[in-house]
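Below, each chain spelled out in residue letters.
There are 2 protein chains.
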Amino acid sequence: MDLLKNRRTVRAYENLPIDEKMMLEIIEEATRTSTTGNMQLYSVIISTSDEDKKALAPLHFNQQCVTQAAALLTVCADYNRFTKWCEYRNAQPGYDNFLSFITAAIDALLFAQSLSLAAEERGLGICYLGTVTYNAQAFIDYFNLPRLVVPVAAITVGYPATEPPQPDRLPTEAVVHQEKYHDYSREQIDALYRMKEDLAENKRFVSENNKETLAQVFTDVRYKKNDNELFSNRYLDAIRKQGFMPTKNNEE
Amino acid sequence: MDLLKNRRTVRAYENLPIDEKMMLEIIEEATRTSTTGNMQLYSVIISTSDEDKKALAPLHFNQQCVTQAAALLTVCADYNRFTKWCEYRNAQPGYDNFLSFITAAIDALLFAQSLSLAAEERGLGICYLGTVTYNAQAFIDYFNLPRLVVPVAAITVGYPATEPPQPDRLPTEAVVHQEKYHDYSREQIDALYRMKEDLAENKRFVSENNKETLAQVFTDVRYKKNDNELFSNRYLDAIRKQGFMPTKNNEE
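Order-wise, the sequence lines are chains A and B. According to the working numbering, numbering within the first sequence proceeds without interruption in unit steps and concludes at 266. According to the working numbering, numbering within the second sequence proceeds without interruption in unit steps and concludes at 266.
Accuracy of the hints is not assured; some may be wrong.
For chains that are exact copies, the list does not tell them apart, and a pair is met inside one copy or across any two.
Using 30 Å as the maximum straight-line C-alpha spacing, the simulated DSS-like pairs for lysine-lysine come out as follows [as the list claims (entries may be wrong)]:
1. 67 - 194
2. 210 - 35
3. 238 - 67
4. 255 - 238
5. 35 - 225
6. 217 - 35
7. 35 - 19
8. 239 - 225
9. 194 - 68
10. 194 - 217
11. 67 - 217
12. 255 - 225
In case anyone wonders, no lab produced these hints; they're calculated from the structure.
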């Protein structure tokens with residue numbers, strides 16, 4: 015699939031809008047993605063106005079791509095629509111639990127990736143923003159997300175201003191296990207990460223951050239334990255507040 | 015993207031193996047998918063032997079596609095490989111928390127969907143199995159998944175024996191929100207679900223199950239509250255046992 019082989023994340027965009035009809039076609043195509051029991055447990059919120067993008071940028075830690083992109087798509091795990099349908103049809107929905115959150119999150123993320131590829135096939139560039147999980151409650155408030163709706167992916171979309179280089183990836187065998195999971199020996203880790211560690215760009219990254227190893231740049235600078243723990247609690251709180259974990263905590 | 019427009023889930027397969035090299039190419043293409051901080055927080059376990067498929071079938075509630083498919087792919091959220099790398103590089107990993115599970119699950123699910131489309135582009139058919147989350151602990155045991163590895167998707171892959179009809183989908187506007195989430199009125203729910211409820215196949219489904227409404231088939235037969243709550247607790251337990259939620263419970 016050349017589309018996959020040649021893709022790269024795009025963070026800088028031309029100042030060009032995306033045709034509204036094309037955006038809906040992209041989304042329509044993505045709805046062909048597999049979905050649990052054909053329930054389609056996702057929603058996508060489209061933000062295209064400067065006002066929205068400026069308001070949302072700080073929640074995404076002011077990543078430039080948010081204001082520069084033609085559109086910011088926020089993809090949500092959504093059991094609200096389905097639950098409402100059940101309620102209006104004399105059926106007793108039972109989706110206020112963690113499994114239902116995971117089920118809807120799976121639906122939403124598979125949908126998000128189809129949507130991204132359908133956009134890229136049309137010459138658009140995309141970038142996923144992990145910040146959507148860090149600050150989930152702020153997005154819930156901003157978008158007025160009702161109970162049983164939680165954001166799981168945010169994607170900036172626009173016409174690429176540049177063609178960035180393709181980043182490295184681990185050798186394919188790093189992610190493949192035959193029959194059973196074969197845990198990694200130190201020798202295997204050394205071999206699988208050697209190319210990444212030898213890249214000039216990554217060596218510069220280590221020295222710029224005054225670290226000994228590339229791994230330390232991740233643990234001490236980019237994805238720190240304290241931040242992860244803070245955002246863990248916040249995301250769990252958001253999931254709970256949105257009604258997906260009533261049995262763990264009776265505060266609501 | 016015609017690949018998306020024309021796709022349908024395939025549950026019946028020809029008795030034909032998948033070329034091993036092609037399978038690895040499919041996976042290699044899928045590794046081009048966006049991944050958090052280029053950490054590639056996923057693994058895929060390939061099961062192709064009759065022995066494995068027979069052993070795994072009951073864990074997937076004996077869905078026929080498991081034994082019939084040429085391959086069963088189990089995609090896992092995986093922070094183990096990255097954590098090991100950190101440990102071998104004098105870096106202190108901080109990924110034993112819920113946010114890290116979600117981050118790895120996002121990586122794994124985006125990867126799974128790229129992999130599925132890359133397989134479909136080659137004429138293969140795929141089917142996602144939600145059972146992988148219901149019985150996560152059994153898969154963890156079967157595959158020997160180490161700490162910080164949790165299955166999030168299972169996909170059967172094989173050459174289609176038939177071309178099943180495309181299932182219905184909600185009108186695209188059902189999943190799209192402009193600027194803010196606009197909650198659904200009863201009238202909107204009626205309009206969005208009318209086509210689905212009017213399908214002969216779904217009407218038969220209602221009468222065969224002796225129900226009043228299609229929604230009741232979901233709430234009372236297919237995705238029941240009691241099952242969801244049972245599987246919620248089990249999946250949370252599995253996530254906790256795999257080390258992704260140390261702060262919620264000190265049993266380990």
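Taking the hints in turn, this is what the structure says about them:
Taking identical chains as interchangeable, the C-alpha atoms of residue 67 and residue 194 lie at most 30 Å apart only when they sit on different chains, with a minimum of 12 Å there against 45 Å within one chain. Within a single copy, residue 210 and residue 35 get their C-alpha atoms only as close as 41 Å, which misses the 30 Å cut-off; across copies the closest is 24 Å, which meets it. For a Cα distance limit of 30 Å, the shortest separation of residue 238 from residue 67 inside one copy, 27 Å, qualifies, whereas the shortest one across copies, 40 Å, does not. For a Cα distance limit of 30 Å, the shortest separation of residue 255 from residue 238 qualifies both inside one copy, at 25 Å, and across copies, at 22 Å.
Taking CA atoms no more than 30 Å apart as the test, residue 35 paired with residue 225 passes in neither setting, with 49 Å inside one copy and 39 Å between copies. Taking the shortest alpha-carbon separations for residue 217 and residue 35, neither the intra-copy value of 45 Å nor the inter-copy value of 33 Å comes in at or below 30 Å. Both within a single protomer and between protomers do residue 35 and residue 19 lie at most 30 Å apart by alpha-carbon distance, with minima of 27 Å and 16 Å respectively. When the C-alpha separation of residue 239 and residue 225 is checked against a cutoff of 30 Å, the pair qualifies only within one copy, where the shortest distance is 17 Å, while the shortest distance between copies is 51 Å.
Proximity of residue 194 to residue 68 under the C-alpha cut-off of 30 Å is restricted to the inter-copy arrangement: shortest distance 15 Å between copies versus 48 Å within a copy. Proximity of residue 194 to residue 217 under the C-alpha cut-off of 30 Å is found in neither arrangement, the shortest distances being 34 Å within a copy and 43 Å between copies. Proximity of residue 67 to residue 217 under the C-alpha cut-off of 30 Å is found in neither arrangement, the shortest distances being 35 Å within a copy and 44 Å between copies. Taking identical chains as interchangeable, the C-alpha atoms of residue 255 and residue 225 are never at most 30 Å apart, the minima being 39 Å within one chain and 33 Å between chains.
In this structure, the earlier hints numbered 5, 6, 10, 11 and 12 are contradicted, and the remaining ones agree with it.
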